[in-house]
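2 protein chains.
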Amino acid sequence: MFKTGKEVRMACRGGRWQKPTSGLAFGYVQANLVILDKDWAWDFLVFTQRNPKPCPVLEVGDIGAYKTRFLANEADIRTDLPKYRIYEDGVLKEELDDISNLWSDNYVFFLLGCSFSFEQSLSEAGIELRHITENVNVPVYVTNIKCAGAGRFPDCPMVVSMRPLSTDNARKAAEITKKLPSVHGAPVHMGNPAEIGISDIDIPDFGERVTIKEGEIPVFWACGVTPQKAAMVAKPPLMITHAPGHMFVGDRKNNEYQI
Amino acid sequence: MFKTGKEVRMACRGGRWQKPTSGLAFGYVQANLVILDKDWAWDFLVFTQRNPKPCPVLEVGDIGAYKTRFLANEADIRTDLPKYRIYEDGVLKEELDDISNLWSDNYVFFLLGCSFSFEQSLSEAGIELRHITENVNVPVYVTNIKCAGAGRFPDCPMVVSMRPLSTDNARKAAEITKKLPSVHGAPVHMGNPAEIGISDIDIPDFGERVTIKEGEIPVFWACGVTPQKAAMVAKPPLMITHAPGHMFVGDRKNNEYQI
Chain D
717 MFKTGKEVRM ACRGGRWQKP TSGLAFGYVQ ANLVILDKDW AWDFLVFTQR
767 NPKPCPVLEV GDIGAYKTRF LANEADIRTD LPKYRIYEDG VLKEELDDIS
817 NLWSDNYVFF LLGCSFSFEQ SLSEAGIELR HITENVNVPV YVTNIKCAGA
867 GRFPDCPMVV SMRPLSTDNA RKAAEITKKL PSVHGAPVHM GNPAEIGISD
917 IDIPDFGERV TIKEGEIPVF WACGVTPQKA AMVAKPPLMI THAPGHMFVG
967 DRKNNEYQI
Chain S
717 MFKTGKEVRM ACRGGRWQKP TSGLAFGYVQ ANLVILDKDW AWDFLVFTQR
767 NPKPCPVLEV GDIGAYKTRF LANEADIRTD LPKYRIYEDG VLKEELDDIS
817 NLWSDNYVFF LLGCSFSFEQ SLSEAGIELR HITENVNVPV YVTNIKCAGA
867 GRFPDCPMVV SMRPLSTDNA RKAAEITKKL PSVHGAPVHM GNPAEIGISD
917 IDIPDFGERV TIKEGEIPVF WACGVTPQKA AMVAKPPLMI THAPGHMFVG
967 DRKNNEYQI
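These protein sequence lines are chains D and S, in that order.
Using our numbering, the letters of the first sequence correspond one by one to residues 717 to 975.
Using our numbering, the letters of the second sequence correspond one by one to residues 717 to 975.
What the hints contain is simulated information worked out from the structure, not anything from laboratory work.
Any given hint could turn out to be false.
In silico SDA-like pairs for lysine to any residue, Cα to Cα no more than 20 angstroms straight-line [unchecked claim]: (1) Lys754/S <-> Gly867/D; (2) Lys888/S <-> His905/S; (3) Lys888/D <-> Ile975/S; (4) Lys754/S <-> Asp753/D; (5) Lys809/D <-> Pro953/D; (6) Lys894/D <-> Lys769/S.
Keep in mind it's a predicted model, so treat the numbers as computed, not measured.
I would like the entire structure built from these sequences, with the hints used as guidance.
See below:
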């Protein structure tokens, strides 16, 4: 299979890969994509600055630029992801695997850190990740933790992902992820889900439920779905994102993001 | 003397304090100020995103906003610093201690982390800071380390501050400051100044020389002067900053910034 980020991107660009990127090019950073018109880019960038845990920006393009400069050497953001989602006025319109025809010189791309990166660090430390063991999508919840709005992006609830861990592993996972602030950082909550407004841990808002074993506690991390939820409310005329799980894969390694 | 950030700000607002803020309101975060027209704010915010070590943004205002929301509860950025500098087309025009009359609804303020915060952590760990002992301004140098440009802000050299430390203290200081990424983070270099383009350590570009004792090495941190140097080249029609050493003092504590 693909050994590097570049191999994944070339396969996407050539139309040879249109599936999720989970598990591809082990060790290479994967990132969420958001594209907005320049008229909306300021509000969004300020929103990410105010909410760095759910919105850790790894790269912002210059206005009109579709080539990356930092996460990868000259990747083409219009072709190098396996699948894109097109939203108009906050509503999903279609999925495409190439957005070259849609590109405008007024567009700005944002690449945001993703939990795949910290999951690699947790796995390497011998911490079992239940959703991987059970082969489902990580459970994701809307909480009552408030994110600060910016311009047309409103104050909005933080979205979190959850991984059940023993208290020992929870402590260890917190230590590891706090050194990774550019991929969501330390957990935002551990333990009682009700304290952050989650009424039933077995009914996630996105993804699927996972088994919480005797002696384990739920551990919650800020999730990159948060800014997309905010955008659904702000309703920019056009927003393009990666399709869920179909991420941008860079040339940089996850371990470069450890401070 | 002033015990809290609010006391400092009220004294500035009332015209009762127009001097540097070093040593005031111990434990409260101090920040660099940059104000630009909204037409220049995007380029500057992207510049800070690309260069987080010299430009750690603690708060960005909404367009036209002059009250803070995060670093302090409703501080007024136009009156609450002791002294401001006004630059036109990259050239220093004047110093003022109140900019209310200059304010425009098109202006955007940025507050950036400052080395005063990490120096507190180093002092608390028993690390002597030579420029404080010798009662001079910290020595600052222009290096050959490149910062990535953004829009009209060019690729430019990183500016660094230097503190001489024993190798033991240098290691300890690196450990402490890497946990403070929002106030410049870990050192960018230790040891031979020539490796980062500094030809004579005794002739700083700003600030004053300090004694480097037998067995000590120079330790270099990214410095908040960097974005001002970039702006001198980009020449925005108007830029307002704090006067050197005359910082914004917030309600938040330095220790809140430790990850």
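For each hint, the structure was consulted:
no., hint, in the structure
1, Lys754/S <-> Gly867/D, "13 angstroms, holds"
2, Lys888/S <-> His905/S, "14 angstroms, holds"
3, Lys888/D <-> Ile975/S, "15 angstroms, holds"
4, Lys754/S <-> Asp753/D, "17 angstroms, holds"
5, Lys809/D <-> Pro953/D, "12 angstroms, holds"
6, Lys894/D <-> Lys769/S, "18 angstroms, holds"
In the structure shown, no violation is registered for any of the earlier numbered hints.
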